[in-house]
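Start from the sequences, fold in the hints, and give me the full structure.
Residue numbers (the numbering used here), protein chains in the order written: chain A, 1 to 275; chain B, 276 to 539; chain C, 540 to 833; chain D, 834 to 1090; chain E, 1091 to 1347.
No lab work stands behind these hints, which were simulated from the structure alone. For each residue, glycine too, the CB sits at the ideal point set by N, CA and C. Accuracy of the hints is not assured; some may be wrong.
Subject to a maximum C-alpha distance of 30 Å in a straight line, what follows is the list of computed BS3-like cross-link-like pairs (lysine-lysine) [as the list claims (entries may be wrong)]: (1) C/Lys-828 / B/Lys-318; (2) A/Lys-66 / C/Lys-821; (3) E/Lys-1326 / E/Lys-1188; (4) B/Lys-442 / D/Lys-925; (5) B/Lys-283 / E/Lys-1211; (6) D/Lys-953 / A/Lys-22; (7) D/Lys-1069 / E/Lys-1280; (8) B/Lys-536 / D/Lys-964; (9) A/Lys-269 / B/Lys-318; (10) B/Lys-329 / A/Lys-269; (11) B/Lys-381 / E/Lys-1182; (12) D/Lys-925 / A/Lys-22; (13) B/Lys-536 / A/Lys-269; (14) B/Lys-285 / E/Lys-1166; (15) A/Lys-24 / D/Lys-1069; (16) B/Lys-318 / C/Lys-754; (17) B/Lys-318 / C/Lys-801; (18) D/Lys-956 / B/Lys-318; (19) E/Lys-1210 / B/Lys-290; (20) E/Lys-1182 / D/Lys-925; (21) D/Lys-1069 / B/Lys-442; (22) A/Lys-115 / E/Lys-1211; (23) B/Lys-536 / D/Lys-956; (24) A/Lys-24 / D/Lys-838; (25) E/Lys-1166 / B/Lys-290.
Over 10 Å on every C-beta distance to chain A, these chain D residues come out as not near it, computed from the model [as the list claims (entries may be wrong)]: (26) Tyr-902; (27) Asn-928; (28) Ile-947; (29) Glu-1068.
Just the calculated beta-carbon pair ranges, DEER-fashion [as the list claims (entries may be wrong)]: (30) B/Glu-317 / C/Ser-830: 48 to 56 Å; (31) A/Phe-114 / C/Lys-801: 35 to 43 Å; (32) C/Glu-671 / A/Val-61: 43 to 51 Å; (33) A/Ile-34 / B/Glu-317: 38 to 46 Å; (34) C/Leu-595 / D/Met-950: 30 to 38 Å; (35) A/Ser-268 / D/Lys-953: 46 to 54 Å; (36) B/Leu-310 / C/Glu-671: 24 to 32 Å; (37) A/Ala-25 / D/Asp-896: 46 to 54 Å.
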Amino acid sequence: MSKSNTKKPLKIKQPPDIYPTKTKAQVTIIFFAIVAMYLYSMNWTQRDMVGDITDAPANMVSVLGKFFPPNYSYWSNIWDEMALTIQMAVIATTIAAIITVPLALLSARNITTFKPLYYATRTFLNLLRTIPDLVLAVIFVGLFGIGLLPGILALIVFSLGILAKLISETIETVDMSPLEAMRASGGGTIQVIWTGLVPQVLPQFTSLVLYVFEINVRASVVLGYVGAGGIGQVLQSQLRYGHIAFPNAMAIIVLIFIVVLVIEYISSKLREALI
Amino acid sequence: MNLTLPPKPKNSLFKKLRAIVITISIIALYIWTFLGIDLDWEKAINKLIQQFDKVIPMLFSPDWSATGEVALTMLETIFIAFAGSLMAAILAVPLSFLAANNMMGKYLSMPGKWLLSAIRAFPDLILAILFVVAVGPNAFAGVLAIAIGSTGMLGKLFSEIIEQIDKDVVQGMQANGANRTQVLFYAVLPQIIPEFLSYAIYRFEVDIRASSILGIVGAGGIGTMIVFASANDNWSQMGTILVGIIVVVTVIDFTSAFIRKRIV
Amino acid sequence: GTSDEDDTQGTDGDAQGEDAAGETPEKIVMGFVPSQDSETIADTVQPLADRLSEELGIEVVGQVMTDYTALVEAMGANQVQVGFIPAFGYVQANQQYDVEVILKSIRYGSGTYRAQYVVRADSGIESLADLEGKVWAYGDQGSTSGYLFPANQLMAEFDIANPTDLETDFFSGVVQTGGHDNSVQAVYDGDADVATTFEDARTEIEENYPDVMEKLKVIGYTEDIPNDTISVTKELNDELVQQIKTAFLAFNDDEEMIAIMKEVYNWDAISEATDAEYKVVKDTYEIFKESLTN
Amino acid sequence: MIEFKDVSLVYPNGTQGLKNVNVTINDGEFVVIVGLSGAGKSTLIRSINRLVTPTNGSLLVDDEDILKYRSKNLRKLRTKTGMIFQNYNLVKRSNVLKNVLAGRLGHTGTLRSIFNMYSKKDKSLAYESLKRVNIEEKVYNRADELSGGQQQRVSIARVLTQQPKYILADEPVASLDPPTSHQVMTYLKKINKEDNITTIVNLHFIDMAMEYADRIIGMRAGEVVFDGPASEVTEKTFEEIYGRSIREDDLRGGTES
Amino acid sequence: MIEFKDVSLVYPNGTQGLKNVNVTINDGEFVVIVGLSGAGKSTLIRSINRLVTPTNGSLLVDDEDILKYRSKNLRKLRTKTGMIFQNYNLVKRSNVLKNVLAGRLGHTGTLRSIFNMYSKKDKSLAYESLKRVNIEEKVYNRADELSGGQQQRVSIARVLTQQPKYILADEPVASLDPPTSHQVMTYLKKINKEDNITTIVNLHFIDMAMEYADRIIGMRAGEVVFDGPASEVTEKTFEEIYGRSIREDDLRGGTES
Ligand SMILES: Nc1ncnc2c1ncn2[C@@H]1O[C@H](COP(=O)(O)OP(=O)(O)OP(=O)(O)O)[C@@H](O)[C@H]1O
Ligand SMILES: Nc1ncnc2c1ncn2[C@@H]1O[C@H](COP(=O)(O)OP(=O)(O)OP(=O)(O)O)[C@@H](O)[C@H]1O
Ligand SMILES: [Mg+2]
Ligand SMILES: [Mg+2]
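What follows is the structure in C-alpha cells.
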C-alpha cells in the first residue's frame, strides 16, 4: 500500500500523449534534419543537370535495349574467366573464413570479457571495413604486381571485414547458458567454446560464409578495374568496344547472375542440412 | 567394470547419402580450384620486397597538401551518397515486403526476390552508363546509380528482417480485432524499423566507400580521386584519401549511433 | 529544349545532324575522359571549361569521366555536347551517333602517336615474325595502342583471320595486365615475352627500374594512331561549333593556356581535325567488330 | 454466452486438437481450463476468437455461429473478445501506452490509428486501465524494460482498454513466478467481478485453478473430461485429467513420450 | 562439507547479493534453499562452484578455502561440483549423448574433447547416467527435440556423468509443470540417496521444498533467515522468508518494483 502511494503520481490529469513531449521533439528534429539534408543534397547534385528529366526514362530504355538480347554464344569464350573468378572466390572465402574465427571470437563482447582486447579488435575490424574495395585492390596490385594474387588478397581483406563483424554479432546472440554449464562442469576455455558455442553458431557461420562467397563472386567485377583478373576484366574490356559489345556484356552479367543464384540455392540447401 | 555403450545411431540412408555427396562435392571443388589456379609466389614475393618501400611508407605519409581537395571531394561524396542511400532506403521498403515470405507467401514472394537479385546483378559500370544517358554526367546520375545499386542489397536485407519478426505479436494484434493495415503499423513496423535504420545507415557508409561508380558518371567524388591516384601511382595522395574516408566513416558511425539511440 | 524532333538519333546519316542546326543551347556540357595512353593522367577539365565559357559567353560545365563508354552513350543521348574522347571511342561515337570530330590534341609536336613492341634485349626476338609462339602482354582489349593496332597489324602481316586466332594460335599465351606500365613490367619480370604499349611506355617504370631502357628493347612500331579528339554532337548548331573550334584554337596563342595544357594534359597544342584522319581507326574497328558479334 | 456444440478440430497435419467438445459458458463466469501439455487447452480457447477454426460442429458466441464469420464479422468478434497470452505478446520496442492503446485498434479507423490519432477518450481509457493494474508510472517505458509480471499486467491493461465482453487468457502465468502469478490471477479475478467480464483462463496448475475458478474444465487429448465447480474437484478428477493417479504418474514420468 | 563463514557478496553495480551468510552443509544432505525472487538463492549456490566470487568471508569446500582458488584449482573444484540449471543449459543443436558427455569435460584433455575422442569408459558412463534417468532411448535425439522435463533429465544425466561430490541445482523445476516437476525432484532425491551426493537445490515453492528437503534454508535480501529441518517450518517461517504473511504479499505484488 505504502509503496504505490509514495510513487510520485504522474502530474498529467489529462490523458497522456502517446510519446512524451521530449521524445517527440527529438524525433521531429532528427526527421527534419534528415529531410533538409536530403533536399539540399538533391538540389546540390542536380545543379549541373542540363535539360529536364522527362527524357530520362526513354533514354534509359533505349540504352538498355542495346544490351538485349544477350549474346549467349559469347559464353563459350568466357568459361575460363568465369571459372577463374569462382576459384579466386573459393580461395579468398576459405582463407577469410579461417582467419575470421579468432577475430570474431575476440570481437564478441560475450566471449572476450577483457575489454581492451575487445575494443582493439573491434577498432581494427572497423578500420579494415572502411577501406574501399577499390583501394584495397589498388594497393595490393601496387604491392604484388598484377595477377591473381593481389585480387585474392583484396578479396580476403575485404570479406574478412564483413565476415568477422557478422559472425561476431552472431556469437553475441548465442545462448550463453550452455557455456556456463560447460564451465560449471570444469571445462577449459577452448573446450567450452568448442562444445558449447560452435554447435550454436555453425549453421549461421556456414550461411554467412556462403553469403560472403557470393559477394566475392560479384566483387570480381570491381577487381576487373585494376587488372586483378577474372570475369570482371572481360566485362570491362567488352564494354570498351561500345554498344556492339553490349549484348556480350549482358551475357556476362547473366552468367554471373546464374552463378550467384546457384550459390544461393546451394547455400539454402546446405543450411537445411545443417540446422 | 562392465561397459554398456550406447547403441550406434541409425542414420537414414538419405542423410548418409547427403553427407557423402556434400563431402565429395566440397573436396572436388577444392581440387578443381587448386588445380585451376596457379600462383607464382616467388615472383609475388620478389615484387613485394621491391615495392614495399615504395608503397607502404608513402601510404603512411599522407600528402597533406591534398587535404583540402580530399575534404571537398569527400563532402561531395557525402551529399551524393546520402541522397542515393536515402532514396534506396525508401525504394527498398515496398520491394522488401514483396519479397518477404511471411508477407506474400512462399511462392508470391519469389518474383520479388528475383527482382532484387537481378538488380544486384547489374555491375556499377552498367548502371553508370544507364544513368549518364538518362540525366547526363553529373552528380545526380551518381545519386541514381547509387540509389538503384543499393536498393537491391537493402531490399534483400530488409526482407530478411521482415521474415524474422515475432509472429506472436502479430497474433496479439489480430486478437484485438486489428485489420491488416493496423497489424502492419502496430505489430510489424515497430519491430523492423530499428533494423531497417541500422542497415540503411550501414549502406550509407558502404556507398561513401564504394564510389568508383561516381567516377564513371563524372560525378566526381572520392572514387574519382582513387582512380586517378592509382593511375598516377600517387600513393601518398592515396594515403590522404584513406585518412579522409576513415574519418568520415567514423563520424558517421558516431552520429548514427546517436540517432539510433534517439529513435530506436 | 533543343532539337525536339530529333528522336531518331543516329539511325541515319549526316543529313539529320545538319537539319537540327539552329538553336543555341544555354548550357554546354563538356565530358572529358583522360587518355590512358599517356604518362600523367589528368583529373580535371576545369581550366578548359572555364576558358571556353568565357570565350563563348555560354555556361560550360566540365565533367571528368573515368570511362569513355559512358561518355559515348551520353553524347548519343545529347547529355554531353562536347567530348574529349580517345580515338577509339570517337569512332564508336561517330558510327553510332554521328558525333563529329573538330579538333585533336598535339603531343610531342605530333597529332599522332604509335604503339610499340617491347621485348627483353637478350630474348633474341628481333622482328615481329619472331613473336610466333611467344607470350603477349597487353593492357586490355579496348586499348587502341595496347591491343587494337598491334593486333590488327599482326593479323594483317601474318594473315590471321581474327583476334581469337591471334591470341591462341599465333601467340602461345596472353597476359592481360590492365595498363601499359604493367605490360612493360610483365616483360621485364619475364611473365611475358612481348608487350604492346604506347611509345615509349618504358619511361613509365624507369623510376622504379632504372635499367629498364637497357634491359628492354623496342622491335617495332604500328601505324600512326591519331591523338585524342575533341568532338561535338550533331545537335550542336554549326555556328556554335565554329565558335568552339575558334575558342580552343585560340588557346594555342595564349601563354597561360599553353602552360596549363602542357602541365595538366601533357598537350603541346590543339589542332583542327577531320573525320578522315580517323579512318585508320575506323578500319581497325570494323575488323574487331566482326569478331565481337559472333 | 459461449456455446460449443459438438466442436471438433483437426489440424492440417492430422492432429486432433479438439474432439466433440460440448461446453456452455455463461456470462460473467470465471472458468479455468486445466490439462496436460498438448491436451487442447489453447486450441479450445483460440477457437473462441477464431485464431484457429474448428473443422466440425458449431460454436455460438452470443447466439451467432462464429464458425461462419468472415473478415468483417471476425474483426467484430475479436473486438469483443480480449486475449491475454503466455508470452504477453507486447511489441517490445513500443512504449507501454502505445501497447495499451493497441487494444483500441478494433474500435479505431485505420488511418486514425496509423497516425496515432486516438481520441482523448481512448487515451484516458488506456491510462485508466494502466492504473487499474497499478502500472501507470511505467506509461512511457518501453515494454522490454519491464519485468515479466509487469508485462503481463500491461497486456491485461491492453485487454481492458479493449472493453471486451469476454477475456480469454492462454496460460497467463506460465512464465511467472508463484507470487507474481497469484498477483496476475488476482487482477484477472478482480476485473471479472468488477466489470462482469466473462473470463476463460488456461492453466497448468490445478491447485491455482481451484483457488480462483468458479468452474473448472478439465481436458485430455482434445476432449473435455471434467466440467464442474471447483468444489467438486476430487482426487478422481485429477486422475481423469492427468490420465492416472497424479503421484504415481509423476514418479514414472510416463505422461511424456 | 561446505562451510560458509561470514560470506558476503557485493555485485560490481553495488547490489548486495549475500550478507554475512554462515551456513554449514554436511556430506550427504539434501538441502533446499527457498526465497523470493532476488533473495540471493542463485548467488549462494553459484558461490559454491565460484561462478560468482564472494567479496568477503571464507567459503570452505572440503576444508579448503575456495575463494583463493585460481584457474587450475577452479577447474578441479568445478569438476567435483555438478550443476543443474533452470533452463537446462543444454546445447540445443547437439545430440543428447554429446550433451551428456560434456559432463566429462573436466576430466578430459582439450584436444581429445575437441575431436570427440572420449574413452569407452566415459561413453558407457554417459549411457548409464541416461539410463538412470530413464531417457536412454533418446540418446541420439537432438536436445531441442525433447520436452522440458526430458531436457532437465538429460541435464541431470550430464551431472551424473561428471561423478561429482556435490550437486547444485538452481531452480531445476521452475520451467516445468507440476507433474514433471515432481518427477525431476524425485530423481534428484533418488540420486542423493543412492550415491550419497550432497545436493543443494533452489526452489521458489516452499511446499515442494518441504516435501523433498532434509533441511530448508530460507533467504531474504541476501541473508539467511531460516535454517532448519523441513519439519520445523511454520506459518511464521513463511512470514520470515516472504517478508510478510504470504497471501497478503501475493495480492499486493509488492516484491516487484
Ligand atoms: N498449428 C498446429 N498444427 C498442428 N498441430 C497443432 C497445432 N497447434 C497445436 N497442435 C497440436 O494440437 C494438440 C493440442 O495443442 P494445444 O496447443 O491446444 O495444447 P495445450 O493444451 O494448449 O498445451 P500446452 O499446455 O503445451 O500449451 C497438441 O497435440 C499439439 O501438438
Ligand atoms: N550479475 C549481477 N550483477 C548485479 N546484480 C546482480 C547480478 N546477479 C544478481 N544480481 C542481484 O543480486 C540479487 C540476488 O540475485 P539472485 O539471482 O541471487 O536472486 P535469486 O534468489 O536467485 O532470484 P530468482 O528467484 O529471481 O532467481 C538480486 O537483487 C539481483 O538483482
Ligand atoms: Mg497451450
Ligand atoms: Mg535465481
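query = Hints broken by the structure, by number, lowest first?
reply = Hints 1, 3, 9, 10, 13, 14, 15, 17, 18, 21, 22, 24, 25, 27, 30, 31, 33 and 34 not satisfied by this model.
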